[in-house]
Each structure stands twice: as structure tokens, then as C-alpha cells.
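Engineer: This is what each chain is made of:
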Amino acid sequence: MVARAGFTLVEALVALVLSSIVVVLVSSVFLVQNRYYATQVQRSGAHDVARAATEFLAREVRSAMAGGVTVAEPDSLVIRSPMVVAAVCGTSSTYAYVQFEGGEAALDQDEVAGVGVYDAAAGSWAFYNEGWGSGGLDGGTTFAAVGCATNGADTTGAMEEFHRIDRLVSLHGSVPLPGTLLTLFRETTFTIRPSRLAPGVQGLFVGSWGDTLVEYASGLDTTAGFQYLREGQSVYEDQVSSAQLDQIDVIRFIADARRPAPTGGVADIRYGWTVSIPLRNAR
Amino acid sequence: MTPEAGRRPDPERGGFVLGLVVLFLFTIAMAATAGYQVVNTEFTLAQTAREGQKALVVARGGLERFLGEQIGMVGDSVSWAIGDGIATVTTRKVLEADTLNHLYYVRSEGTVADLRTPNDPARRVVATYAWHRISPMPDTAAIFITDRTLEVAEAADVSGLDSADVSVCPGGGTAGIVGVATGGAAFEVSGGDIDGNPTDVDQSWTGYGHVVQDSNLRWDILSDPSFPVEYDGSAPDWSALPADSFPLSRHVGTLVADGGNPWSGGRGALIVTGRFRAQGTFRWNGIILAGRLDGNLSSDDPEILGMIVAGFNGAQDDETLRSGDFRYHSCNVYAANRALSHLERVDHAVFEVN
Chain A
-18 MVARAGFTLV EALVALVLSS IVVVLVSSVF LVQNRYYATQ VQRSGAHDVA
32 RAATEFLARE VRSAMAGGVT VAEPDSLVIR SPMVVAAVCG TSSTYAYVQF
82 EGGEAALDQD EVAGVGVYDA AAGSWAFYNE GWGSGGLDGG TTFAAVGCAT
132 NGADTTGAME EFHRIDRLVS LHGSVPLPGT LLTLFRETTF TIRPSRLAPG
182 VQGLFVGSWG DTLVEYASGL DTTAGFQYLR EGQSVYEDQV SSAQLDQIDV
232 IRFIADARRP APTGGVADIR YGWTVSIPLR NAR
Chain B
8 MTPEAGRRPD PERGGFVLGL VVLFLFTIAM AATAGYQVVN TEFTLAQTAR
58 EGQKALVVAR GGLERFLGEQ IGMVGDSVSW AIGDGIATVT TRKVLEADTL
108 NHLYYVRSEG TVADLRTPND PARRVVATYA WHRISPMPDT AAIFITDRTL
158 EVAEAADVSG LDSADVSVCP GGGTAGIVGV ATGGAAFEVS GGDIDGNPTD
208 VDQSWTGYGH VVQDSNLRWD ILSDPSFPVE YDGSAPDWSA LPADSFPLSR
258 HVGTLVADGG NPWSGGRGAL IVTGRFRAQG TFRWNGIILA GRLDGNLSSD
308 DPEILGMIVA GFNGAQDDET LRSGDFRYHS CNVYAANRAL SHLERVDHAV
358 FEVN
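Heads up: the sequence lines are chains A and B, in that order. The first sequence: position 7 = -12 (the working numbering), numbered continuously. So the mapping is simple: the working numbering equals the position in the second sequence, first residue as 1, plus 7.
Derived from the structure by calculation, the hints contain no laboratory data. Keep in mind that the hints are not guaranteed to be accurate.
[Claimed, not checked] Coverage of chain B stretches by chain A, computed from C-beta distances (three or more under 8 Å per stretch; other residues unrestricted):
1. 39 to 49
2. 72 to 78
3. 120 to 127
4. 311 to 321
[As the list claims (entries may be wrong)] Derived Cβ-Cβ restraints for the label pairs, each shown as a range:
5. B:Val45 x A:Ser151: 18 to 28 Å
6. A:Ser223 x B:Phe194: 54 to 64 Å
7. A:Asn110 x B:Ala56: 50 to 60 Å
8. B:Phe234 x A:Thr75: 41 to 51 Å
For glycine and all other residues, C-beta sits at the position ideal for the given N, C-alpha and C.
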């Protein structure tokens, strides 16, 4: 009998069925993996949005000074936080000579929103909006280190940290006495509103004093926002009146992020957390 | 085709299944790799943020510890291991408002090393300003106690009149201070003597709160056994110290100072966390801070030239001093006060440098 080398019809059908099953299985695995990957990417993106917004905000809130919260609304927050704190170590009729770390070179001059003068007896700051540059607070360095050294400052290796602050007479009424603390502060506005970059979700817009708000993080949910806990209260409020801003102890940021569902998904990806940040410096 | 050839495995048929398996494995590998990248990136970002937060906590911890524990002259730099990191605190004097009040810039840098990036540790810096109160205690009275009755009897002599004159130190020869300041009462009995200026006894104090607040000292820290004091439990070797050295010493618990060891006498600021009794031939030039002050006997002969502040541990008992000289000495008090100098932070002035 001569051996046959081909397949029978049954063999071919069985092979076809088995192959089809394998292909379907492999395809299913691939699609599931792909969907899982897409979901993770979206979740990761949402996570990044929430974290970036939280870290930036937390730093500003932690540093906020007494009297440094000027707007406290559900979707908007304005904070004055110190870029540097400086001690007056000498004066002239016009200038306050101050020391601050790094000196002018370390100062992000464009962000300077003004100067604060500390009233130690009252434990509060008086804030004045004024820029740093020409005609502003920058009084140069002439005699600053020498003037401070005369009053006992150790200027060794740190001459550049001594500077003159101008405009205090017109802003504050007088040049503060030696020993008074000043701050060069930034004033940062945080606003949550519809995103321009990612339609359908909210964005966190941030802006320094005098600047246009820019979208810092996209993809927040409509539930994202700010809440406030005042001194002696146990319940967070959605907003605080201007007369009660000094009573704010804690700012809560509800950092809910949302991303569209990945291809094949049915529900949006939501991710986020709520973080309560005490105003440690202010209170 | 031969029969043998027909029974050999067909490479085409075997390759089809193998291809599917390879595709399957490739798909899984791709998905796993992509997932790993996502997770790894996320982990790294989260880890970086976490290390930064740790560094900030370390920096703030270092700042708080420095401000809380600084006693005596302000050093330039100190480092501590705090948690998973190291805090390095440095200071710079920016103003001498007067001879007794200097303003310092205090900077604390916290670093937390990540095993994966040991050369690039997370780093955060916080800073503030603090006043160095070089002579924090006011000269209130030769003996300043919280309450109850202090009897000065027999051979005991308490005087707020200045024992020092300008030949002893430039600030010597003051008009003097009150003899006994108390939230209770003080009496001379049976030959005891109390003198002072403008009055011998000032009973206007309200006790414990006044003593604690008006001494401007952090008794809770000074009396804490874990708080390091240069001479703790034993007196300095006075012969090895310069004559103008008035150090800070401490005795934890009750001290009956009778002229014997370890506290036969000395100078500076002596902290006694418990009860303090001066008797025998005990001699001290400077300030004694005590949880409570006990009386003594007429056979004793102690001498304290400076100031005693007692009652930090709460209410006094009624006590009688029957012997000894307890006299205000402005030069000794001034020198000893410097050993108690400390930093007083300016409120609301901590800020994050980076």
C-alpha cells in the first residue's frame, strides 16, 4: 500500500478550528493587555495632574504668612508667601539695608509681588504690592554690607547677601528700624476652571501677581476645589469672607483628577486625593 | 515520496503553531514592558516627591531642635541625624541691636540620601531669624521664689544690695535689687536680716507662673535629663577653667550642698532639678535655679553671691533660712546669665529657601 502524504478533510477542519481558537485567545489577551495599558496611562496621567497640583499648592500654603491669604473661595485661592525673609540690619533716610540668603542673584525678580513689614508686637505683617525692578524695591547694594557690618553683622564671605530696599518710605511711611523683618513675597493665584488644553475637564490655573493665569495642570474633575478650616471650627467651609481670612488654620485641597475612558472603556478614569495643609507659618 | 519521508515532521505545520506562541509571548512581553515603564516612572516620581518631603521634615526638625536646645553662645554649624536624613544648621549674625540682643539668621538644610542616587540626595532648606538673648534673666531679687512663707532667721542674711562694685566688673555697683521676691510672704525673725532696693521684700508676685515667665527660661528643657548640659552631675574642674568662665552646670534631683563633693562650690549657673538646700560651707558665685528651695540650720554657713530662683517645680513649702549669706552680686549674675543665653525665634518668619 502506498502511503498518502496530504491531510484528510477532517484533519484540516480540526486544525482550522484549533487555529481559530488560538488566534481568538491571543487576540483577547492582546486586547485586554492593551486596554489595561491604556487605562494605566490614563490613570498615571491623572495621578500626575493631582500630584503636581498638590505639591505646588502645598508649598505655597505651608509658607503662607500671617495675613497671607487674601482670597479663599471654592475654586479660587490667593496666597502671599515669602520668597525670602530679610532682616533689617541698617538704615539710611531712604533705604533699609537687609540681609537675605543668596542676595539678589538668588531672587526670582520677576516674581516679586511686593514687600511685607513685620510688626513683632502685633505678630502680623503689613503687605505692600510693588515690583522689584526699576523704580521698585531694588535699591542696589551700595554700602549695604558696610552699613550692616557697622551694626555687628557678620558679612564674611557673604557680601552679596546684603542689599538695599527702596520705596519703603512711600509704601510703609518710614524706613523700618534695624531688627525688623521684611519679606519679599510672591502673590500666587490658584483658580480651578474649565481647561483650555483638555476640553471637558477642569484645569488648575496659576499666576503670579501682575501676570496672566496659565494652565498649570489639566484634567481636574468638577469636584476638585478648595475648602477652609478656621480657628476653633470643626467643619471645613467652601469659602471664607475677607474679614475672617486671618482665622484660617488649614486649607484643604480636593485634588480630584479625571481622564477620559480609554478606547474600549466605558467609564472615565478618576483619581485623586484630599490633602489638608496647615498654615504653619501663618498660625 | 517514500513512506519514510511521509512520516517525517512537516516543518511548515510545526512552524504555524510556533509562530502563534511567539506572537503570544511577544504581545505579553510588550504589554508587560509598557506596564513596567508606566509603573516605574510613576514610582520614581512618587519616590522623588517622598524623599523631598522627608528632607523638608528633616530640615524643619533640625531648625526646631536648634532653636529649642541652643544654650550659651551661638555656634556656626551643627549637624544631627534625624530620621532617615541629616540636618545641618548654620547661623549668621546679622545685627547687634545692643550688647545683650543679637539677631541671627538660622538656616537648616535637610538631606535624605536615596540608595539609588547616593550622589544626588533630596535636599530642602528652611530658614528663619532668631534673637540671641545673651542675658535672658532679669535681676529680680537675691531670692526669687514662687509662694508660701520664707523666714530669714538667726544668722541668715539675704540682701539685694549689690555686693559688687565697679572695680569687680564694669557694670558693677548697681543700686541693687529686691531682697526677696515671692508670691507668698517673707519675714525677718530672730535676728535674720533682709535688705533690698527699692524694697526689702516684694510680695506682689503671683507665684509659679510669674517665676517661670519672668525668668525667661525654658525650665522644661533645662531640667530635662536628656537635654545635654556641659557639666551634668559633677562639677567642673575649676582649676582647669579660666577665672572668668561661668559655665552652666546641672544636678538632677535633690541637692544638699554642704561644701563636700561633688558640689563643694563654684561659679556660673547651677540648675538643680529637685530640691536645693544650701548648708555647710557651700560657696557659689552666680545663679542657682532650683525646683524648690529648702531651709537650713543655724550651724550652717553657706554663701551665695548672686541670685537664687526657686519654685520651678510648683509650690514651695514654708521654709526658714537660719544661716548663711545670700547676697546679690551683679557681676556674678551677669556672667552666669550668659551661660543661660538662648535663641528666641521671631514668630511667623520660617520660610522654605528651596
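Engineer: For each hint, tell me whether it holds in the structure or not.
Structural biologist: Comparing the hints with the structure gives:
{"no.": "1", "hint": "39 to 49", "verdict": "holds (count 6)"}
{"no.": "2", "hint": "72 to 78", "verdict": "violated (count 0)"}
{"no.": "3", "hint": "120 to 127", "verdict": "violated (count 0)"}
{"no.": "4", "hint": "311 to 321", "verdict": "violated (count 0)"}
{"no.": "5", "hint": "B:Val45 x A:Ser151: 18 to 28 Å", "verdict": "violated, 56 Å"}
{"no.": "6", "hint": "A:Ser223 x B:Phe194: 54 to 64 Å", "verdict": "holds, 59 Å"}
{"no.": "7", "hint": "A:Asn110 x B:Ala56: 50 to 60 Å", "verdict": "violated, 32 Å"}
{"no.": "8", "hint": "B:Phe234 x A:Thr75: 41 to 51 Å", "verdict": "holds, 46 Å"}
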